[in-house]
Structures are given as structure tokens and as C-alpha cells.
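**Student:** Here is what each chain is made of, one letter per residue.
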Amino acid sequence: EAGVAQSPRYKIIEKRQSVAFWCNPISGHATLYWYQQILGQGPKLLIQFQNNGVVDDSQLPKDRFSAERLKGVDSTLKIQPAKLEDSAVYLCASSLTPSGVYEQYFGPGTRLTVT
Amino acid sequence: LAKTTQPISMDSYEGQEVNITCSHNNIATNDYITWYQQFPSQGPRFIIQGYKTKVTNEVASLFIPADRKSSTLSLPRVSLSDTAVYYCLVGDISDQTGANNLFFGTGTRLTVIP
Chain Y
1 EAGVAQSPRY KIIEKRQSVA FWCNPISGHA TLYWYQQILG QGPKLLIQFQ NNGVVDDSQL
61 PKDRFSAERL KGVDSTLKIQ PAKLEDSAVY LCASSLTPSG VYEQYFGPGT RLTVT
Chain E
1001 LAKTTQPISM DSYEGQEVNI TCSHNNIATN DYITWYQQFP SQGPRFIIQG YKTKVTNEVA
1061 SLFIPADRKS STLSLPRVSL SDTAVYYCLV GDISDQTGAN NLFFGTGTRL TVIP
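If you're matching them up, the sequences are chains Y and E in order.
In terms of the working numbering, the numbers along the first sequence are unbroken and rise by one, the last being 115.
In terms of the working numbering, the numbers along the second sequence are unbroken and rise by one, the last being 1114.
Next comes chain Y alone, as it looks inside the complex (with noise of 0.2 Å):
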């Protein structure tokens, strides 16, 4: 079974420079996530989407990001301009069912550094 898939998994950008990431799910799986991994704290849970629609998105800094997941697959997680300290890891996961302490599979992540 193939695992949840992200690109790019290396990122550089300037300041006030825009980024997008791109997540593939595992196939069947209707719950998708995207974390925000800081070096040395926990992932903490950016935007939460069941098929096309968004369950929570509370934490998600919407003046600059967003979010979107065309036809309940794939998503795309953008960053418009982005600030130094949105440099981390991005992580995405999908998972069976909706509820959030069930078994998630997370993605490699893509390290965004922003100089």
C-alpha cells in the first residue's frame, strides 16, 4: 500500500515570498490533515478536511494561509507571504475516519526554511 505522498520536501523562500505544498493521500482514505511542525515542539494541527469539506481549520493563520482539497483527493496547502517564523515542517496525513485520535499515516513532511 502506498503511503501518503508530499512535494516538494525541501523548500527555501525569501520573506514575504508565497509557497505551496502538495499532499497525495492514501487511496481510500476520506480524512486528510495538515500539521505545522516546529524544530523541538509537536506537530500542531493546522486544518482538518472530511472529502472536500474543511472539519476544523481553528489554528490555521487565514490572513496568510490557506487550504484546499479538490475532489477529496489530493490537497494543496499554500502560504501567502510568508514570515520567518513559518519556517518548519509540514506535515500531512490521512486517516479512514473522521475522528482524530484514530490511526493517522503521515507524510515525510516538507521543511520549509524562510530567510
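Do not rely on the hints blindly, as some may be mistaken.
Which chain Y residues stay away from chain E? Per the calculated CB distances, all over 10 Å, these [to be verified]: (1) Val4; (2) Lys15; (3) Trp22; (4) Asn24; (5) Gly40; (6) Lys44; (7) Leu45; (8) Lys71; (9) Lys83; (10) Ala88; (11) Leu91; (12) Leu112.
Simulated restraints, written as ranges between beta carbons of each label pair [unchecked claim]: (13) Y:Asp74 with E:Val1055: 46 to 52 Å; (14) E:Asn1030 with Y:Gln17: 43 to 49 Å; (15) Y:Asp74 with E:Pro1114: 38 to 44 Å.
Think of the hints as simulated: they come from the structure by calculation, not from any bench.
Positions of the beta carbon are idealized from the N, C-alpha and C atoms, including for glycine.
For this one, chain Y is given, so just place chain E on it according to the hints.
**Tutor:** For chain E alone, kept in the frame of chain Y given last:
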């Protein structure tokens, strides 16, 4: 949302059994306890999940006392490859919204020493 407390770090020698305890005093009736493992430069990986008493799988055991206010992840005979961060999460897996159940905390950094 039940808050969890874990030790920040632990060291262990190879071949020993390691027990990592997580406190969750405010656990709710419908909450389950889930543990994840994260290696450097990788996403977290599900290890084990339980509700009460003891759960065992091929990699770990999870011990949950009757009051469920804490839980202990037990890793038998650790090897160098078990060096990782271990996260304890508590939440209601029957909650179909899934919202607010996704708090990883800072986890426990386990270092296995040769």
C-alpha cells in the same frame, strides 16, 4: 480536550525494557489513549491505542490503570533504532468531527545508548 503530561526525555541502554508514562487527569469517558513514534526527519507513526487495562501488539504494550488517569507505554528490549520522540494523545475516537482531538504536545525524547 484532555491535557497530557509526559517526561521531556529518557535514556536507556540497549536491551532494556523502557516504560514511558503519560498523565491525563482530565480524561473523559469516551476518550481513548493513543501513542505515536517519530524519528528525525519523518512524520509520526502510530504505535498503539487503548481504552483500559492492557493492550499489546508486535512492537509495544500499553498499560492503563482502572482510573485511566495515566497510561504507560512499554517497549521491550529496546535497540538503537528505537531512539525517537514518543507522543501520547488522548481523545474521543467516536467523535466524528475529529475537531480538537489532535494535540501532540512535546512528547518524550527517548535515547537508547549502546
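**Student:** Evaluate each hint against the coordinates.
**Tutor:** The hints, checked one at a time:
1. Val4: The claim is violated: Val4 of chain Y sits with its nearest Cβ about 8 Å from chain E, within 10 Å.
2. Lys15: Correct as stated: the minimum Cβ-Cβ distance to chain E is 24 Å, above 10 Å.
3. Trp22: At about 15 Å from chain E, Trp22 of chain Y clears the 10 Å cut-off, so the statement holds.
4. Asn24: holds (14 Å)
5. Gly40: The assertion about Gly40 of chain Y is violated, with a minimum of 8 Å to chain E.
6. Lys44: It is violated; Lys44 of chain Y is separated from chain E by about 7 Å at its closest Cβ, not greater than 10 Å.
7. Leu45: violated (4 Å)
8. Lys71: holds (20 Å)
9. Lys83: With a cut-off of 10 Å, Lys83 of chain Y remains clear of chain E, as the shortest Cβ separation is near 23 Å.
10. Ala88: holds (13 Å)
11. Leu91: violated (5 Å)
12. Leu112: holds (14 Å)
13. Y:Asp74 with E:Val1055: 46 to 52 Å: About 34 Å separates the Cβ atoms of Asp74 of chain Y and Val1055 of chain E, which means 46 to 52 Å is violated.
14. E:Asn1030 with Y:Gln17: 43 to 49 Å: This hint holds: roughly 44 Å between Cβ atoms.
15. Y:Asp74 with E:Pro1114: 38 to 44 Å: About 43 Å separates the Cβ atoms of Asp74 of chain Y and Pro1114 of chain E, which means 38 to 44 Å holds.
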